[in-house]
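These protein sequences, in sequence, are chains A and B.
Residue numbers for the first sequence follow our numbering, so the first one is 39 and each next one is one higher.
Residue numbers for the second sequence follow our numbering, so the first one is 3 and each next one is one higher.
The hints are simulated quantities; they were obtained by calculation from the structure and are not laboratory data.
For clarity, every value in this text was computed on a predicted model and none was experimentally measured.
We put the beta carbon where it would ideally sit given N, CA and C, even for glycine.
Hints are not guaranteed to be accurate.
[What the hints assert, rightly or not] Cut-off 20 Å, straight-line C-alpha distance, at most; resulting in silico cross-link-like pairs (SDA-like, lysine to any residue):
hint, chain 1, residue 1, chain 2, residue 2
1, A, Lys-167, A, Ser-228
2, B, Lys-395, A, Gly-199
3, B, Lys-334, A, Arg-298
4, B, Lys-395, A, Val-110
5, B, Lys-382, A, Arg-298
[Stated by the list, open to error] Simulated restraints on C-beta separations:
hint, chain 1, residue 1, chain 2, residue 2, range
6, A, Asp-101, B, Ala-418, 31 to 39 Å
7, A, Phe-96, B, Lys-373, 50 to 58 Å
8, A, Ser-146, B, Ser-422, 29 to 37 Å
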Amino acid sequence: MVEIKLSKKEAYMQMTSEQMKTRTPFSEFWRKFKKQKLAFISFFLVLFLMILAVVGPFIAPYDIAEPDYENVLSGPSAKHWAGTDAYGRDIFSRIIAGTQISLFVGLSSVLLGAVGGTVLGLLAGYYGKWIDRIIMRICDVLLAFPGILLAIGIIAILGPGLGNVIVAVAIFSIPVFARIVRSSTLAVKSTLYVEATKSIGAQPRRIIWKHIFPGTISSIIVYFTMRIGSAILTAASLSFLGLGAQPPSPEWGAMLSGGRDYLNIAPHVTLFPGLAIFFTVLVFNLLGDGLRDALDPKIKD
Amino acid sequence: MHIFIKQESKGELGMKKALSVLSLLALSMVLILAGCSSASNDSDGKDSAKETEKAKKEGKDIVIAVQDNFTGMDPHDTNDTLSGSVQKTMLEGLVGFDKNMNVIPVLAEEYLANDDATEFTFKLRQNVTFHDGTPFNAEAVKVNFDRLADPESGLKRHSLYSLIEKTEVIDEYEVKFTLSEPFGAMINTFAHPAGLIHSPKALEEFGNDVARNPVGTGPFKFVEWKPSEGLEIVKNEDYWLEGFPKVDKITFKPVAENGSRIAMLQTGEADFIYPVPTEQVENINGKNGIEVESNPSIIVRYMAMNTLKKPYDDVRVRQALNHAINKEAFIKVVMNNQGNVLDSVIAPDVQFYAKQDAYAFDLEKAKSLLKEAGYENGFKTKLWGGNNSSAIKAMEFLQQQLAQINVEVEVVPMEAGTLSDRIWSVQNAEDAEIELYYAGWSPSTGDADWGMRPLLGGTEAYPPFSYNVAYYDNPKVDESILAALQTADLEKRGQAYEEAQNIIWEDAPWAFLSTDNTLAGKKNYLQGVYLLPDGSLSVSEIEIVE
Numbered sequence: 039m040v041e042i043k044l045s046k047k048e049a050y051m052q053m054t055s056e057q058m059k060t061r062t063p064f065s066e067f068w069r070k071f072k073k074q075k076l077a078f079i080s081f082f083l084v085l086f087l088m089i090l091a092v093v094g095p096f097i098a099p100y101d102i103a104e105p106d107y108e109n110v111l112s113g114p115s116a117k118h119w120a121g122t123d124a125y126g127r128d129i130f131s132r133i134i135a136g137t138q139i140s141l142f143v144g145l146s147s148v149l150l151g152a153v154g155g156t157v158l159g160l161l162a163g164y165y166g167k168w169i170d171r172i173i174m175r176i177c178d179v180l181l182a183f184p185g186i187l188l189a190i191g192i193i194a195i196l197g198p199g200l201g202n203v204i205v206a207v208a209i210f211s212i213p214v215f216a217r218i219v220r221s222s223t224l225a226v227k228s229t230l231y232v233e234a235t236k237s238i239g240a241q242p243r244r245i246i247w248k249h250i251f252p253g254t255i256s257s258i259i260v261y262f263t264m265r266i267g268s269a270i271l272t273a274a275s276l277s278f279l280g281l282g283a284q285p286p287s288p289e290w291g292a293m294l295s296g297g298r299d300y301l302n303i304a305p306h307v308t309l310f311p312g313l314a315i316f317f318t319v320l321v322f323n324l325l326g327d328g329l330r331d332a333l334d335p336k337i338k339d
Numbered sequence: 003m004h005i006f007i008k009q010e011s012k013g014e015l016g017m018k019k020a021l022s023v024l025s026l027l028a029l030s031m032v033l034i035l036a037g038c039s040s041a042s043n044d045s046d047g048k049d050s051a052k053e054t055e056k057a058k059k060e061g062k063d064i065v066i067a068v069q070d071n072f073t074g075m076d077p078h079d080t081n082d083t084l085s086g087s088v089q090k091t092m093l094e095g096l097v098g099f100d101k102n103m104n105v106i107p108v109l110a111e112e113y114l115a116n117d118d119a120t121e122f123t124f125k126l127r128q129n130v131t132f133h134d135g136t137p138f139n140a141e142a143v144k145v146n147f148d149r150l151a152d153p154e155s156g157l158k159r160h161s162l163y164s165l166i167e168k169t170e171v172i173d174e175y176e177v178k179f180t181l182s183e184p185f186g187a188m189i190n191t192f193a194h195p196a197g198l199i200h201s202p203k204a205l206e207e208f209g210n211d212v213a214r215n216p217v218g219t220g221p222f223k224f225v226e227w228k229p230s231e232g233l234e235i236v237k238n239e240d241y242w243l244e245g246f247p248k249v250d251k252i253t254f255k256p257v258a259e260n261g262s263r264i265a266m267l268q269t270g271e272a273d274f275i276y277p278v279p280t281e282q283v284e285n286i287n288g289k290n291g292i293e294v295e296s297n298p299s300i301i302v303r304y305m306a307m308n309t310l311k312k313p314y315d316d317v318r319v320r321q322a323l324n325h326a327i328n329k330e331a332f333i334k335v336v337m338n339n340q341g342n343v344l345d346s347v348i349a350p351d352v353q354f355y356a357k358q359d360a361y362a363f364d365l366e367k368a369k370s371l372l373k374e375a376g377y378e379n380g381f382k383t384k385l386w387g388g389n390n391s392s393a394i395k396a397m398e399f400l401q402q403q404l405a406q407i408n409v410e411v412e413v414v415p416m417e418a419g420t421l422s423d424r425i426w427s428v429q430n431a432e433d434a435e436i437e438l439y440y441a442g443w444s445p446s447t448g449d450a451d452w453g454m455r456p457l458l459g460g461t462e463a464y465p466p467f468s469y470n471v472a473y474y475d476n477p478k479v480d481e482s483i484l485a486a487l488q489t490a491d492l493e494k495r496g497q498a499y500e501e502a503q504n505i506i507w508e509d510a511p512w513a514f515l516s517t518d519n520t521l522a523g524k525k526n527y528l529q530g531v532y533l534l535p536d537g538s539l540s541v542s543e544i545e546i547v548e
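Using the sequences provided together with the hints, build the complete structure.
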């Protein structure tokens, strides 16, 4: 709470001292975002992960699928930074290569969920009445399931595989997005400018996309970022259970699962993929926290 | 935009929380890492010092921890090896197996078979009584085998003894079985743990509830069985074999978790555990007075290839796959060195095993065989198997090996229900989707018949009737297997099985991989307890030596 007050005060003081300077919404956001130290660092770490996802397979020191049966389960050393797994494959290289999979699954599943949820939320919020009731009740039903259980159920229907994991995680992201977008829509709908647009005679489609949707973007972005972390975690959990990525794919959850038989004789096999998951989820969540504070309209006003 | 207002305060708190959690995690990580390194240093130092340490035991009560729960104490109506192991302590059969799966007399002193393998006569041991005082005689044997042979009984083990047409009491201590058709492997079937003998009085009194009230002639008497806690047996003071049993009481406890079972052995809560996970062997052997016994078993591991499907209908492809797999590495990586290369269809301890020349690990040869068969650039295929961690590990290994000859394998682990749907319920051989299947088999009669006929015995063994998932059908093999069954002459049976093994080996319907070792952990004061090659446990001669 104390931090908020400070930042508010600072913001106020800056406002008065540089009042005449006009700012675009983006530079305003950037200025606030830079103040969130932790989130700011996280932002660069996320960028780093993205770059790693692109170049990872090319810079990995070892071939990720090449087994070395003479060198199984050896601990971290100068040669193998994170040791080797049960087939003698270099864990460090596999983690680097696995970044791509985890980020892809996280981003694409949340993107799908966000698109679906946003459309449903806009419809429910704008039209209200029975459309609203049907969509929201379905969302309530979906929300009643614990996320991972719903995902397992979907996988049970679709069959295991990384593609189906994306679908499963997307489906259980939909209701939350729908709820958030609906509530923003309700708020924006009753503003004066929307009323005005309506009275000019604009079509509902135009009102929704040109006038209401932009007002919901900030909440979508915030939730989107926060959701990526949990999507990565869920995808890893499903792979851990053998429902997601199939061997020999270097998916982190699958690597974690492969090491669990050796927990007390070769803990590094589980430790390093676990750290990778931990680190990635953490930076996305911190980034999400920071974005939320930077985009908070209360501070802006 | 009320949601932001609600979440704001939470967010700030969350951030602080995240920070403190982060630092805590970092701290614990450092501790864990420190712990790891110091622990490994410690054990290195202790190894040599503790090796000769002898564990101490007070009293003569033994606790044995096993992996699964027992299914019942009626040997005629259970089909798991583990329950059979416990039943054997209380009930005995006419014949049994020794440590190496050779048939030995137990309640019978000797037996005779006619040349056609249709009549078997047993001379029984005299002066043996059941735990309830009933005398053991030919009538008791007849009651038991009449029960097993009765098709109306619905007993799980009926199929093993369905060939018995009639059982006759010749005199008090002689009994004769007549089979409806020749079956050369019948003596092994009598020795199978399903052929144990109940007290006829108990059968009459309890009916099918003997599963909870077993009364036999064995060295131990039943006390009680609480399914979640375990099963208790005590010494039979009037046991017919002089000097046995040598302990007062044994408790069998089901402990599913590998880690807890090992911890129980380490703390002395259990004196004997089975099985020990392969990757833990080196970790516990020789420490805290623990000995791990590793012995060859008759459990074989193989990869079946659907011989009705392209490209596996070509014997050169099947041989190529055999040449492409490094079996030594398989044992090292997948079995953690606890196994041997499989060099026939059946394991060396199975009766009538005939050693074959192993398919050498030779990538050049494998590639040229594939080229001859027209698959120079390899092909794509699917490998099915169970979803436990060791099966998955084995399949991943096979995937890596076959990649060397450009055979691209997709590993498909399935849970038991899906497997049985997709493999065992296929009605027509042509509909079978199966391409490659990683599997294991343990013929618990210890006879070549049960190691070959159900798995490779032609069209009659196709699913859903039996387990021929390679859809392997070679009339010559069927002929040999049949010939071996129609005689009780050991030499003739041996020849027939040798021929069958030679043909199967050449035809390579499987990629032959390995035989498992059985792994049991015990305190080093324990003796006379061992695992049979089929994975069953023998504790009748257990004793404490200090």
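Outcome of the hint check:
Distance check on the hinted pair: Lys-167 of chain A and Ser-228 of chain A sit about 16 Å apart at the alpha-carbon level, within 20 Å; holds. This hinted pair checks out: Lys-395 of chain B and Gly-199 of chain A have alpha carbons roughly 18 Å apart, not beyond 20 Å. Restraint check for Lys-334 of chain B and Arg-298 of chain A: the C-alpha separation of about 19 Å stays at or below 20 Å, so the hint holds. For the given pair, Lys-395 of chain B sits about 13 Å from Val-110 of chain A by alpha-carbon distance, which is consistent with the 20 Å threshold.
Only pairs whose Cα atoms come within 20 Å are accepted, and Lys-382 of chain B paired with Arg-298 of chain A is rejected, the gap being roughly 30 Å. Checked against the hint of 31 to 39 Å, the C-beta distance between Asp-101 of chain A and Ala-418 of chain B comes to roughly 35 Å, which is consistent with it. Separation of Phe-96 of chain A from Lys-373 of chain B is about 33 Å and departs from the stated range, judged on CB atoms against 50 to 58 Å. Take Ser-146 of chain A and Ser-422 of chain B: their Cβ atoms lie about 35 Å apart, and the range 29 to 37 Å holds.
Hints 5 and 7, counting from the list given before, are not met by this structure.
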